[in-house]
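Undergrad: Let chain C serve as the given structure and place chain W on it in line with the hints.
Number of protein chains: 2
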Amino acid sequence: MLIQEKKQYNWKPIIKAFEAILGKNGVVQRREELITYECDGLTSYRQRPAVVVLPRTTEQIAELVKVCNKYSVPFIARGSGTGLSGGALPSENSVLIVTSLMRQILNVDLDNQRIVVQPGVINSWVTQTVSGAGFYYAPDPSSQIICSIGGNVAENSGGVHCLKYGVTTNHVLGLKIVTPTGEILDLGGQVPEMPGYDLTGVFVGSEGTLGIATEITLRILKSAESICVLLADFTSVEAAGASVSDIISAGIIPGGMEMMDNISINAVEDVVATNCYPRDATAILLVEIDGLDVEVELNKQRVAEICKKNGARNVTAASDPETRLKLWKGRKAAFAAAGHLSPDYYVQDGVIPRTKLTYVLQEIEALSQKFGYQIANVFHAGDGNLHPLILFDNAVPGALEKVEEVGGEILKLCVKVGGSISGEHGIGADKKCYMSDMFSPADLESMQWIRQVFNPQGLANPDKIFPTPRTCGEAANAISMKKFPGVEQF
Amino acid sequence: MLIQEKKQYNWKPIIKAFEAILGKNGVVQRREELITYECDGLTSYRQRPAVVVLPRTTEQIAELVKVCNKYSVPFIARGSGTGLSGGALPSENSVLIVTSLMRQILNVDLDNQRIVVQPGVINSWVTQTVSGAGFYYAPDPSSQIICSIGGNVAENSGGVHCLKYGVTTNHVLGLKIVTPTGEILDLGGQVPEMPGYDLTGVFVGSEGTLGIATEITLRILKSAESICVLLADFTSVEAAGASVSDIISAGIIPGGMEMMDNISINAVEDVVATNCYPRDATAILLVEIDGLDVEVELNKQRVAEICKKNGARNVTAASDPETRLKLWKGRKAAFAAAGHLSPDYYVQDGVIPRTKLTYVLQEIEALSQKFGYQIANVFHAGDGNLHPLILFDNAVPGALEKVEEVGGEILKLCVKVGGSISGEHGIGADKKCYMSDMFSPADLESMQWIRQVFNPQGLANPDKIFPTPRTCGEAANAISMKKFPGVEQF
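So the sequence lines, in the order shown, correspond to chains C and W.
Residue 1 is where the first sequence starts when you use UniProt numbering, and the numbers rise one by one after that.
Residue 1 is where the second sequence starts when you use UniProt numbering, and the numbers rise one by one after that.
What the hints contain is simulated information worked out from the structure, not anything from laboratory work.
Warning: the hint list may mix true and false statements.
All copies of an identical chain are treated as equivalent in the list; a pair is satisfied when it fits inside any one copy or across any two copies.
[Stated by the list, open to error] Here are the simulated DSS-like cross-link-like pairs (lysine-lysine), alpha carbons at most 27 Å apart as the crow flies:
no.: 1; residue 1: 222; residue 2: 164
no.: 2; residue 1: 24; residue 2: 70
no.: 3; residue 1: 309; residue 2: 222
no.: 4; residue 1: 308; residue 2: 222
no.: 5; residue 1: 222; residue 2: 300
no.: 6; residue 1: 300; residue 2: 164
no.: 7; residue 1: 176; residue 2: 416
no.: 8; residue 1: 356; residue 2: 176
no.: 9; residue 1: 300; residue 2: 326
no.: 10; residue 1: 356; residue 2: 222
In isolation and in its complexed conformation, chain C is listed as follows (with noise of 0.2 Å):
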């Protein structure tokens, strides 16, 4: 039963018994100001939503979901939106419930590493707030100074430290949450290890369509003794890529391992101005050894001379807090850098073997140039989480539907190889006519079970992750909701 056609409300006791919830204050509906929020990072997806809802408490979650079910509106939750697979875009006649205004730290407890917070708690928060005892939050997606937790959980997303720590899922311990029912659930706990089955785990990058996480239990680590950051310098991309495979093989896992392109190297010089990345080598490496003192000092060693061995012009090495920042920062503002090379760009997110990458750099460049667009490629190299930027000019009549095309190309590509359609970005409105490419019909069917029996109205950010005959035409008709007998029952 999920919203399929075009539906007319009548918003006036809607909007009546939101104000009784949220008071007038918690309800925008003037139009002028609807238009922040007609699109996420995702900004060539855009769709009004009807009213925006400001809650402060998991109580008026559930009391504002029950009146969305009552009414059978849709709604979708937003964070900050800064997602880039379009998960907050709002639908048609839509309710967004946005949770800026849900920013308290719940609880810190150092001595089991673990902190509560509120969904729109900016994710760099949390590792200012125990950062004085020593500690952090691992994921760290380049907007983690404007992301919010809520929306971390919701497309499970990823950073540069994620290879050796693992994406948001392997960070959140237990949940509670507003279903699309409007009940309340606590899923998950204070441990690691809780019998029953992992809803905590189902519900990290379900995007919304399971339901609003409205208390997030987070782990946080204790800092490492020592850090160090590597630039390696390559004037070839295949020579990067050996480097990364031999580090890895090596036995060493890099805090972060990021690659970087010719192009995208001088879109980030041109904008922020590192002056630490050689603006003619072909790739550079980023990469971070953490740990002790001796252990960094040694697999410092022993990355240079991997990097060096496979052809490195130039290997430098950053242990100061400030040279550490100013390298990272080009990589975080790489995308926004992307920005000032064409009028647009597109970021596409796709992951293959660690194996494939020079034989998937290769095709891409052939994509590139069959297509005529340019494509900056930077990337999370070590768990292979590719990050391809497709520069164009939305002006140029039918650009963006070619673009698109090309991004769609480079998923085929990476399914092909073994990986997968998304690293940390999710599937949103952006990816779900790409879904059959990866899984079968009864793979996709086995996730709609899922959905189904949470979201049984399908009033819960509707639309999206899974391919539907409207949006996706013959992809998603593959996909027949009477296969199993489980299924038959709704």
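TA: Relative to the frame of chain C, chain W by itself:
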């Protein structure tokens, strides 16, 4: 529609159908042969299956399950039968699907650090297969030389090295499963970053209630350059507990950190004679440090200093493989050794926040006094995973019931301090009545939703994990199946 009442089946056509799939040799039905299968490692629960089948392929399992569905016969998967919570305990009039003929290593991909195995493959074979190339598989239950990977997946097994490296779920990348209705699905994939709902995570630890894993893709890790095991000898449990906290607080993450009390120490020395454990110690800590040589050398010193500071009488370190194995052999034999202290023993498995260690051990001692049973304590101290061994004589009428009561009190204690009723052994048949102490009716209900969509007839391992009125009385009555709109449709 879970199976709740006693049913009579006409086994003739069922057996005939099984024989058509497997041949006569693949179907075991002689009473005396079936005795082997009437319990797993939890020997206090016994139930003979009606028939045992021995498939060799995914397709055969799918066919067998379809036959079970056709005749509405419950079926239970079993690997090596070493589980300690009765997860592989047959139900009355059930089919036991035993995977011990499915022992092929299907694929080894060292470059991408993956291995694909059949479910009957023995845990320690995985490491044996890849160790020559410098890799290993991290989860290592004490039963690793006999337990199967399929069983590990079902129970989300742990082991002494899970403190640093995580339990089974952290090492399973993908699964081929046969669903409870006989469909073949692929969950997860070859890279960790898979979009959509994390069904792999839900399946791992679902104890056979969501289907049977038939191919398992595991992550393998690079072996550490150096490994050292420290043995610290304490005259009080508090001092050992304080050392555990201080080691973690210092930012050291040992490969494993185990505590054994005086009773366990002596039981182990009586039986396996490591000649390493001090018989007069109140508690010992075994701390394994792994990593680079320099790192291990430094952390060894730091751990020793912390233990000494907390009053350790003696700290010894072993880096040579022989002594290291001897130290671990004692720990891994602790359960079996307890069997020599008294006619019977009951192993409990609970988790507590590390900071509550001293308090909880005092309370366990009080329970021991109150009920008059000796309790030996052996546990994964680093992650707060307790394994109290309650020593008793099952020949004494009523003893088992009393011991189960003690075990239940320990679980309630774990929940009270914010922990969990299972760290690594699963819920199975043994602990389902305690699920209501840990989860609210709504939380349990949401797990049931998932069970019911995958397992609509309730045939896959019924009577496990979830409390039912028939077996748990009032505890289960709290769970109403009508609470949520999504469930009324079943």
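Undergrad: Run every hint past the structure and note whether it holds.
TA: Tested hints:
1. 222 x 164: So residue 222 and residue 164 pass the 27 Å test inside a copy (14 Å) and across (13 Å) alike.
2. 24 x 70: within (20 Å within a copy, 58 Å between copies)
3. 309 x 222: between (33 Å within a copy, 21 Å between copies)
4. 308 x 222: Classified as between: cross-chain Cα gap 23 Å, same-chain 32 Å, threshold 27 Å.
5. 222 x 300: both (21 Å within a copy, 18 Å between copies)
6. 300 x 164: Result: close both inside a copy and across copies, 16 Å intra and 23 Å inter.
7. 176 x 416: For residue 176 and residue 416, only the inter-copy Cα distance (19 Å) is at most 27 Å; the intra-copy one is 38 Å.
8. 356 x 176: Classified as between; 24 Å across copies, 40 Å inside a copy.
9. 300 x 326: Close inside one copy (18 Å), not across copies (35 Å); limit 27 Å.
10. 356 x 222: between (34 Å within a copy, 20 Å between copies)
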